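S.K.: Letter by letter, the chains look like this.
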Amino acid sequence: MLMTNEKIIASVDQSDHSEGVTDAAVWAAKQLALPVEFLHVLDRHLERAQSEDHSGAIGVDAQENLLESLSQEDASKSKMAREQGRLFLSRLRTYAATKGLDAMDTRQRHGRLLDTLTELAPEARMVVLGRNGESSAAGSKPADVSSTVSELIKHLPCPVLLTRQTFTPPQQVLLAFDGHSATRHAVRAVAESQLLSGLPIHVLMAGRHNNALQRDQQKQLDWAHEMLAARGFNVTSARVGGDAAVAIAHHVRAHAIDLLVMGVGRHSAIRHLLLGSNTAEILRASQLATLIVR
Amino acid sequence: MNNLRQEWLSNTRNDLLAGLVVALALIPEAIAFSIIAGVDPKVGLYASFCIAFVSAFMGGRPGMISAATGAMALLMVMLVKTHGLEYLLGATILTGLLQIIAGWLRLGALMRFVSRSVITGFVNALAILIFMAQLPELIDVSWVVYAMTAAGLGIIYLFPLLTKSIPSPLVTIVVLTAVSISLGLDIRTVGDMGELPDSLPVFLFPDMPLTWETLTIIFPVSATMAVVGLLESMMTASIVDDLTDTPSDKNRECVGQGLSNIFAGFMGGMAGCAMIGQSVINVKSGGRGRLSTLTAGVLLLIMVVFLGNWVAMIPMAALVAVMIMVSIGTFNWASIRNLGTNPKSSSAVMLATVIVVVATHDLAKGVLVGVLLSGFFFAHKVGRVLHITSQADPNGLVRAYTVRGQVFFASSERFVDAFDYKEVIDAVRIDVSQAHFWDVTAVSALDKAVTKFRREGTDVEVIGLNEASATMIDRFGTHDKPAADSAALH
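First to last, the protein sequences are chains A and B.
Numbers 0 to 293, taken from numbering that gives the first Met the number 0, label the letters of the first sequence in order.
Numbers 0 to 489, taken from numbering that gives the first Met the number 0, label the letters of the second sequence in order.
Derived from the structure by calculation, the hints contain no laboratory data.
What you are looking at is a predicted structure, and each value in this text was computed from that prediction instead of being measured.
C-beta atoms are modelled at their ideal positions from N, C-alpha and C, and glycine is treated no differently.
It is possible that part of the hints are untrue.
Claimed, not checked - Selected chain A positions facing chain B (in silico; Cβ < 7 Å):
#1 Ser50
#2 Gly55
#3 Ile57
#4 Ala61
#5 Gln62
#6 Leu65
Looking at chain A on its own, in the form it has when it is part of the complex (with noise of 0.2 Å):
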């Protein structure tokens, strides 16, 4: 178990998106240069019953005969997927491995993924999450982030990175930027690290424009383009009307944007703007890998 909290955690589960959260993390361990543990909690879904006995009769030590029998449930369905767990972490493990990764961990946890990630997160510099996983609903599209994730990014303290089921090394970024705490800080997280360095950055400033404001914006949008150019980012910034994720959405067509980076704030009006409706509608319509920065 690695304790530093100079780490990158990659939380898989056995869907088809653990392939493109392996890739993600191996991209972002090697532009960090840091480590990467595999996280595989293990959810006995203790909210949910198998029972099939409706017969509603209770007789001599029903208690006892009760308790008996859902432990016994729960301890051979915990063991089987310990063992399943740990194939597949495995598995993973050398499919890193010859994706050029050598420092990585793996780590098996019971509980829900929500408390566990929760639990976990201080230990790490970053989080990398499928945008769905076992969890999500049949029915769901896999373009759908899933409501767990949606949870998460809210809970987690350090930067997510959601990917798709496949990951491709991004080779051109947009930051969705307005002028707000939580996105002025997403730019400068973005100035200082490591992880993108080296890529086209595109800033766009997208939402309903009002003409009070616009001088204002145009100076924000500056700031961030200075910023980012200061630091050796080959930078493009545009400001565009309309709803911000008709405009995000269109923006990643037309210059084939590969990597979608957010800021999201802790108390500021644009996290609930960002984590209402807004951010998953972003998600969903940029179908992207997204870089979540607090």
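Given the coordinates of chain A, assemble chain B onto it according to the supplied hints.
M.R.: Chain B in isolation, oriented as in the chain A frame:
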């Protein structure tokens, strides 16, 4: 948001089915407990709906079933007999208020003083009382009733061997009702026991004078009901915690029970609490979330209001069979098997709790006796952890006593008697640094010993009294750091 969704919607299908199973078993119980309390069946049925409904939202233990219960019904018998239903409704509301206060004061934590033996005694007493409450239906009746009850029990326990997808208590009720109607049997039915609900419950303020006198009438009943209700709810919550391997919020449960009872009182229902038997049935049937409790309450009301005419035709024998099942399922049979192997003091506590409850029909009294007895037994046992050794110096002029262990009210006499006052010696040294003085009795025992020595002309030196009496501070343990302790010793 995520938590809310998880508590309500993560187990939907199972919760709905389990809620249905529970609702079917709740109907006979609610009717039976109304009869125990001496009120119309509709009072218990309305109560069961209200309590299940509110506690589904406000309770602290998802998946636990609360409704009108036997434990509470037994406490209201006298009040109903002497003052009538309206006073019971008032007492129910007051019970709720007291329970909310208990939740705010975080009295749920007091449950740690109720030992395992007392809990077992409580559960067993409850099962016995539920069983005894069925006896009036079984005494002085024709053989038909016995045959019906036996057949009912047969169906309840044998039908699950056939299929576990249909609740066997439902099959019992349907079959026995059909038999009774088709054969035109002359036996007592639910309809003979009083009024059944013919409409949804309505909000009404209890019709009683709001005076000091009223308060003196209902307060004692309400206080007892508040205590018993919370005890059974806390016990049931920890049973569900164990079964599902998930935690509950005990103080939220206190407040939730309180709100449920207030709502029940205003809607014409009697006081209730969590039910051990029904909660076990719920978990067994796959109920885990709040939805199961809500489903149970709502389906109960729908079935009773819309099938009221049919419900009235259910023979009491069918209900008796269901209630006997609940009492068998609630009773802790292992406690009988373990009577021989458990420590005698634990068995005595359990039996005393059962006997007091069965004699007084008051679970609160039983628990009080049980808790006091466990306290006595514990004090007695710990009082034996006291060792006093002594050694005279080579000249025979000074004797050194070393006291190790616990000195308090239960061991102070042994402490005083352990010294040899009649020994002719110049001085004694009593080293108490390895003993704990827990109360004023311990200090006065030491004073007594010192005085006795002095009367014999022996000089006394006491060593380490400060360390020994550190435990006397009331908040001992809360700021007791091992590091600080060892620093003080050096």
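S.K.: Against this structure, judge whether each hint is valid.
M.R.: Status of each hint after checking the structure:
1. Ser50: holds (4 Å)
2. Gly55: Result: holds, 4 Å to nearest chain B Cβ.
3. Ile57: holds (3 Å)
4. Ala61: Because about 4 Å separates A/Ala61 from the closest Cβ in chain B, which is inside the 7 Å limit, the hint holds.
5. Gln62: With a closest approach of 5 Å, the A/Gln62 hint holds.
6. Leu65: holds (5 Å)
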